[in-house]
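Protein chains in written order, with the working numbering: chain D, 1 to 424; chain Y, 1 to 424; chain Z, 1 to 424.
Since the hints were derived computationally from the structure, they do not count as laboratory data.
Any given hint could be a false lead.
As the list makes no split between identical chains, a pair holds if one copy fits it or if it spans any two.
[To be verified] In silico lysine-lysine, DSSO-like type, Cα no more than 27 Å apart, as pairs:
1) 95 x 327
2) 208 x 117
3) 395 x 95
4) 142 x 327
5) 199 x 395
Since the structure is predicted, the reported quantities are computational estimates derived from the model, not experimental observations.
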Amino acid sequence: MLSREDNALLTRVERGTPMGDTMRRYWMPALLSRELPEPDCPPVRVRLLGEDLIAFRDTQNRVGLLDEYCPHRRASLYFGRNEECGLRCVYHGWKFDLDGRCVDMMNEPSELQFKDKVATVAYPTLEVGGVVWAYMGPPERKAAPPDFAWTRVPATHITVSKVIQETNWLQGLEGGIDTSHAPILHRLLTTNTSRPGFKPDNPFVRGKAPTLALDVTDYGYRYAGIRPLNETSIHVRTYHFIMPFHQIRPSRSESGVPLVAGHMWVPIDDEHTMVYNWEYSTTDAPLTDEDRLERRLGNGPLDVDQTTFRAKRNRGNNYLLDRQVQKTESFTGIDGINAQDRAIQESMGPVVDRSREHLGPADRAVIQARRLLLEAVRTVTDGGVPRGIEPTYAKLVAAEAVVPRDADWREMSLPAGSQIEQTV
Amino acid sequence: MLSREDNALLTRVERGTPMGDTMRRYWMPALLSRELPEPDCPPVRVRLLGEDLIAFRDTQNRVGLLDEYCPHRRASLYFGRNEECGLRCVYHGWKFDLDGRCVDMMNEPSELQFKDKVATVAYPTLEVGGVVWAYMGPPERKAAPPDFAWTRVPATHITVSKVIQETNWLQGLEGGIDTSHAPILHRLLTTNTSRPGFKPDNPFVRGKAPTLALDVTDYGYRYAGIRPLNETSIHVRTYHFIMPFHQIRPSRSESGVPLVAGHMWVPIDDEHTMVYNWEYSTTDAPLTDEDRLERRLGNGPLDVDQTTFRAKRNRGNNYLLDRQVQKTESFTGIDGINAQDRAIQESMGPVVDRSREHLGPADRAVIQARRLLLEAVRTVTDGGVPRGIEPTYAKLVAAEAVVPRDADWREMSLPAGSQIEQTV
Amino acid sequence: MLSREDNALLTRVERGTPMGDTMRRYWMPALLSRELPEPDCPPVRVRLLGEDLIAFRDTQNRVGLLDEYCPHRRASLYFGRNEECGLRCVYHGWKFDLDGRCVDMMNEPSELQFKDKVATVAYPTLEVGGVVWAYMGPPERKAAPPDFAWTRVPATHITVSKVIQETNWLQGLEGGIDTSHAPILHRLLTTNTSRPGFKPDNPFVRGKAPTLALDVTDYGYRYAGIRPLNETSIHVRTYHFIMPFHQIRPSRSESGVPLVAGHMWVPIDDEHTMVYNWEYSTTDAPLTDEDRLERRLGNGPLDVDQTTFRAKRNRGNNYLLDRQVQKTESFTGIDGINAQDRAIQESMGPVVDRSREHLGPADRAVIQARRLLLEAVRTVTDGGVPRGIEPTYAKLVAAEAVVPRDADWREMSLPAGSQIEQTV
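With the sequences and hints as input, model every part of the structure.
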């Protein structure tokens, strides 16, 4: 459990809050690159850390990210015109470039040079991994660009999607770094079904309740869920938590191709999260169009409106829960592994009251993440650099296997040939 | 009128409020038995006195009523699995029996026996009259089971329904114990109509404005509206108010069968009420399928969604008010006697500001109910037992008749052959 | 900019607020006369300055405007019966005349004469210009009836409409007295389009950014936007601001008939405004049915639901913004000049934070209006009579023309043959 005070401390992310200031030290996923498909295309609304912003791709293919509201009279730049290297407010024709400079003003005589006195909030952006990232913190603290194994993968081999979760960001993260729920919530009741999930004959399901092994690192932590299978074998599944909201986990396509996958739980505001989902092929084979539908996860274009990024299975329709399917085919009666996650996490309310929890040993990774986040808040408050700012995480992978009881899980969480890092 | 303070005192029912604590001394209707049709059927959400709960019928046909949120990480048990005498949370597989004990845990090694340290909130239930009742108060104060004439009637002779009213509970009750509005709000303008209501030739309508006679009793009060018809006759209609929210009144089916009927205005929360409606045949004849449609009241399956229990005529559509019908056929232009009640009571806002009322002699029963409710709050605060806890009300009936001017209305409010009770 | 305190002072209009008390010194448009088409027709809900009211046309064709809530038990008179010179509550049959007197009571014996002790809130009304106006201030301060040039025009020559804007009233007014935005926001990109707006060859558009000339008057102010066209000519467009929320401007029908037009931004409550739109022919020719559709403005029955007065183009559908049209035909991609105004003003949020503005010389009229409104609040607080109470504005007109550089714009803002008033 957390005290109500610490719960508020970790979950509130608006500008000026301790966690909000901490978040703003990291590069933030702001939108998918494909939402701005070409230079001078229509601008897009972005809500990030409780701030209303407008993203636009300018004539030179650079992405600008401005305060939504024109500094003149506070009209929304969403209605603006994306013109020749700038976004122009339609109310009085003030035009801003991607640095926030006012470069033209239609309603004032040009000889007044009034435009030179005006600027708006603009955040630096960069694009890697099919994602536009923004830096919203103090300029002098600007971090190195994000650099993950998945952002280095060629576009042919990776898919990235996003979907809104109607909870605080931490609720999503805590589901994602909790191996203990996965073979329960996502379990199938029979091998005789085509629904997504873990079948009864999967060692992930067959294993007993896990013990957790965890190494704190300079980027966050790595950990493994270790499930006894029998006298000689264990099932091991390794994960990484990279501060402040990245998960890396092993996965597998429907056709059996081994994948590395992960999520980012990016705060829209205190009660909404944009969940980014990525996964890439670890073989020479590229991802197929079918792979990009993410049917088994429920994150793709069949399951999520690609304009609003709202899930078709949502609280308003009880996630299309089918009680008969729940009796006979899947543990939840809800289709889609991540739809199941959203259903259960949204059911806890927008910000779960962690002072009323009862955590056990299986929640060790969740508890450790909270400790690291509280530490980061203190570090930032004290003027320091929190974990995960430096891209020491750039080569991390994750894996899952049945291994002898005495196998070293740590080797599985590193790229082939790597040295095991010194753990903190 | 009531002071704003007393208005708040009587209308707020969350745990820890004075009225909330008083309500919790009585058995509360929680849901209809038929909402849980068979053992191990899907669980149902129940919101009662501002508490979010989950009801389930276990393998042994007993009804459990648990805190909606699993004590582990606060996921909703609505998504739970109703399995072998317990409800299992799908997030981590914690299972609770109807006493709230944790009887299994899938995510922790069983040798830890961590489950023995965990329990959740569970309220005792019982089923009578086709209703599941819950006791949410201090265990040492648990009241005798509810026992009404209507809960003793065979199922063939009674119908019970429910519908959400979008107001505080007291607003509903105050309509139900106010005989003065009935032949006005529910009046028809012509005998030449098939719409429900009281026709102009009905003595209830023909009578002059009523005087009210009222006896306070150990369960609440009984009262009569007495309407002069002519030199020799009066129209009398008797009612009972049983603490804290029960009404008993005379009624009559569309085909003319005499009925006894009533309502319970059960607080969902401070601004929503679940109105339970019951009526039973006082003859040997059972109720027909047609009777169970409650067409004249607007409470049955033709008028109320049987999953959400929201009325089809509601504030959003102005209760399908027809101004032409209002000109020529019925006083309101709205069909359904209780639909008319909900329309007018919801029009007062979710919690009417009783400090702005202007009450007259005809509001005497309303005023007396408030006095008894305030008395009950004081009694409970002082550690005592409020009126209506003991089932002294078990045989009460109500009646309506045209009688000589000097007839004794009190006899009409008792079962045939009963003694008139001593009134307080 | 305004301080947050002054912003709140000018935008809050509930009873008892300084601006609310100031507004209540003026006659307020309450509804269109045609919403109450005949004696004893159905009553209509009116929300005005945050007060919930019911309007009804009585048997003698007079309009009553009562507190929505019956003083008895606070049921809504919306459901009431409009009967023989009074509105009767359907709950207990209390009937009120248009002065608020209780003239009948069905639920109390008439011999008690209880009705004589009861009255409800009633506001005086009058009808001019196709509008029902209400006076909601202190009776001893009741102002002279509204008397505008447009309220004197025969019905054949004028059209009046209304539409809800989802912002505070001041946001609407500030758009209406801001000439600087008009040829920008409402601009067309090509002469080759049938969409509404100002075409590139219009001198209003061809002119350079305007300078503003402004005379404060006893009714508010008059002002002109003066746009240089070339060495010898200027484009002049004159406006009037009549306290507290009237605009008069020049206009022109689609077929080229010269019109005088205007708006009134009447507060529904702090976050909603009823915008009244009027325009009349200044020639002998009456308006046509086509003119009354107000296609170019987006205010007529094709664009606004005539029961709810909600615009079909609204925030929920991004005003049906067409990005392709925005690229090639119109500055906004939204059809309807006033739909464009509502889009941009609603985009600022319900009450724009004026402490974050950056105003320039082109905002001079906006700044001056705020000064006059703050002055009016002080005047009323000090017991005085604010500007615009006396109908000194009765003959004002507005005009637009290309004139020589040294022409006097003041003559254009007066009826032909008038003397130029002394300006304050």
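For each hint, the structure was consulted:
Proximity of residue 95 to residue 327 under the C-alpha cut-off of 27 Å is restricted to the inter-copy arrangement: shortest distance 16 Å between copies versus 59 Å within a copy. In the homo-oligomer, the alpha carbons of residue 208 and residue 117 lie at most 27 Å apart only across protomers (20 Å), although the nearest pairing inside one protomer, at 67 Å, exceeds that limit. Proximity of residue 395 to residue 95 under the C-alpha cut-off of 27 Å is found in neither arrangement, the shortest distances being 42 Å within a copy and 41 Å between copies. Neither within a single protomer nor between protomers do residue 142 and residue 327 lie at most 27 Å apart by alpha-carbon distance, with minima of 52 Å and 36 Å respectively.
Neither within a single protomer nor between protomers do residue 199 and residue 395 lie at most 27 Å apart by alpha-carbon distance, with minima of 31 Å and 58 Å respectively.
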